Amino acid sequence: MSNQEPVNTFSSRIVVLPEANIDTDQIIPARFLTTTTKAGLGKVAFNDWRYNADGSDKDFILNQIDAQEHQVLVAGNNLGCGSSREHAPWALMDYGFKAVISTEIADIFKSNSLKNGLLPVVVDKATYDKLLANPQQRVTINLESCELSLEDGTVFHFQVEEFARQCLLEGVDAMGWLIKRLPQIEQYEQSNGKAA
Amino acid sequence: MTAKSLFEKVWDAHVVEPEGATSPAVLYVDLHLVHEVTSPQAFSELEARGLKVRRPDRTFATLDHSIPTLRPDAQGNRPYVTEQAKKQVETLERNAANNGVRLFGYDAENRGVVHVIGPEMGLTQPGYTVVCGDSHTSTHGAFGCIAFGIGTSEVGHVLATQCLAQRKPKTMRITIDGKLQPGVTGKDVALTVIATLGFSGGTGYALEYAGDVIRDLDMEGRMTVCNLSIEAGARCGMIAPDQKTVEWLRGREYVPQGEAYETAAQQWLALKSDDGAVFDKEIRIDGSAIEPMATWGTSPDQGAPIVKGVPVATNEDQERALKYMGLHGGDSRDVAKVDVVFIGSCTNGRMADLRAAAEIFKGRHVAEGVRALVVPGSEWVRIEAEKEGLDKIFTDAGAEWRLPGCSMCIAMNGDFVLPGQLAVSTSNRNFEGRQGPGSRTVLASPATAAASAIAGHVADPRQFMALESA
Ligand code: SF4
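Protein chains in written order, with the numbering used here: chain S, 3 to 198; chain B, 305 to 774.
No lab work stands behind these hints, which were simulated from the structure alone. It is possible that some hints are incorrect.
Cβ pair distances, simulated, as ranges [said to hold, decoys possible]:
#	chain 1	residue 1	chain 2	residue 2	range
1	B	Lys472	S	Pro137	52 to 62 Å
2	B	Lys472	S	Ala41	48 to 58 Å
3	B	His632	S	Pro137	30 to 40 Å
4	B	Gly354	S	Glu188	11 to 21 Å
5	B	Gly562	S	Gln189	53 to 63 Å
Given the structure is predicted, the values throughout are model-derived calculations rather than measurements. The C-beta atom is built at its ideal place from N, Cα and C for all residues, glycine as well.
Please model the complete structure; the sequences and the hints are all you need to start from.
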């Protein structure tokens with residue numbers, strides 16, 4: 003959280019999971035949440051989609067691609083719904099993803115992703131369809147200009163909450179930003195009868 | 305003065321620094337609840353920065369998600385599912401002690417599921433902002449709080465500063481008019497709301513529930529309704545406090561006592577949306593038409609009145625969901641055999657819920673081949689229920705009676721549904737594998753869950769209620 007690398011522009015091939023409503027229990031099942039660190043969750047990302055009960059691989063795309071080559075996950079509508087577990091973006095990032103794209107991304111997952119440098123990109127249906135039409139394509143994401151460029155030349159302007167964007171671009175640390183406001187916070191507590 | 309909504313009143317009272325074009329608002333948090341699963345990395349972050357919890361007096365912790373619900377052995381050893389689960393509990397015990405945070409641990413008389421114990425102890429009070437690293441924090445909105453779930457980074461922010469950087473959400477009022485039919489509960493109202501809004505219909509909104517049906521619900525029912533706001537994508541849902549709220553909280557451990565309580569109550573009763581308050585969206589639902597509900601798919605909005613049977617899929621998502629559930633469109637709900645029934649969780653693990661289930665279980669027996677598990681939401685609920693003899697009703701009916709915890713709601717403590725089994729649960733999520741790898745979940749009210757345990761298939765509880773009154 004503290005020493006986040008600034009994110010600006012990058013290009014990568016996409017990987018598509020077209021299912022709608024991929025919830026955080028799919029991204030990382032609850033039984034893997036007993037961890038006390040963030041490390042190593044990539045191997046259980048989409049665990050129950052990737053592995054059989056005996057631990058062997060299922061025939062599933064995330065077992066077949068080179069994660070270094072595919073850093074952008076394109077998913078069906080309402081990605082990341084469900085629980086507030088930040089383990090979901092941690093797992094996706096540890097797997098190798100830098101951005102997720104969907105026509106709708108759930109609030110808490112979006113907020114958690116932004117705090118970790120996993121860029122949530124909400125696109126319109128037309129752009130989503132173009133991504134699906136060529137699921138092998140390479141896309142470029144530019145956070146400075148908020149542009150997603152597809153292989154066919156389509157450029158989509160996406161929106162990111164401005165503060166989160168600044169945090170990502172400049173590596174600003176949100177906790178530090180709040181800590182700088184402690185004098186105002188104390189003032190608020192004093193004038194509202196909330197002091198310790 | 306412009307008319308304000310309940311949400312705006314509470315929000316405005318907690319703004320330390322207003323939001324601007326490039327910066328979010330700094331929002332003050334009155335109550336921060338903490339549990340073992342989403343907090344360790346936040347405490348580590350504080351430690352890495354040489355910080356301590358800034359307001360331990362506004363921070364309360366409990367053990368609920370990864371703890372066993374079976375009793376400890378003669379030596380006091382608890383049957384943790386893994387060493388790692390035990391380590392996670394010990395990590396919170398250590399973090400709480402190091403920071404002077406009150407932990408309702410195993411020795412506390414009020415340990416329990418975080419969203420059950422907050423209100424029970426009166427930690428949750430009208431007009432508060434309440435956060436927790438858990439998406440069902442919306443539960444506390446039943447008391448007129450802005451209450452929402454946050455991620456672990458934000459848990460760290462609140463531990464360090466008692467504040468969050470937040471953008472103000474849009475507002476939506478859901479008015480439920482009319483009068484509920486007998487046998488219809490808060491859970492059925494909530495499942496109807498979610499089915500109406502859709503799985504993401506509430507995304508970006510703070511919900512306010514209003515109307516006669518909401519007024520008529522008891523506090524437990526209101527908590528169930530607010531609890532499920534997140535299943536329509538809304539981070540928070542709230543209900544204006546009224547006399548019921550005031551009576552429910554009176555005398556609880558952390559609320560003001562005596563004269564001070566009456567003063568507080570007067571302020572609480574003023575917390576309501578002004579006439580003429582404007583919402584970004586308004587919807588109305590006819591409460592009189594709501595029937596006992598059960599989900600048939602793999603997202604909480606895929607629910608329907610039990611009497612209507614399993615709906616026929618109208619798109620690919622629904623087809624996929626039915627296939628996973630092993631259900632067939634057009635079938636009546638008594639076709640699919642139920643293997644497991646789970647009664648508990650922050651949605652329906654309170655006294656009113658257990659009483660409703662007990663009414664159905666009383667003098668009956670769980671159907672052959674059904675495993676029924678009743679897990680109280682807190683130690684307080686467990687003790688109360690045992691005083692009333694509910695535990696006996698459950699065990700006589702062939703159900704298991706456990707220690708409080710999240711248990712099969714999230715299935716990370718060793719209580720889980722086996723692959724392919726069909727479970728009827730009073731919890732809140734029917735995602736694929738939520739209750740264990742390959743598990744299939746039907747969400748329903750405590751009365752419906754109990755009726756389904758008796759019948760061996762998803763059953764409308766009114767059939768058992770009618771028998772009683774006849
Ligand atoms: S009972 Fe279920 S939903 Fe509630 S806090 Fe526990 S795991 Fe979360």
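Hints versus structure:
In this structure the supplied range 52 to 62 Å is violated for B:Lys472 paired with S:Pro137, their Cβ-Cβ distance being about 38 Å. The hinted range of 48 to 58 Å is not satisfied by B:Lys472 and S:Ala41, whose Cβ atoms lie roughly 35 Å apart. The given range of 30 to 40 Å is respected by B:His632 and S:Pro137, whose C-beta atoms sit roughly 32 Å from each other. Taken as a hint, the range 11 to 21 Å holds for the pair B:Gly354 and S:Glu188, whose Cβ atoms sit roughly 19 Å apart.
As the Cβ distance of B:Gly562 to S:Gln189 is approximately 31 Å, the hint placing it in 53 to 63 Å is violated.
Hints 1, 2 and 5, counting from the list given before, are not met by this structure.
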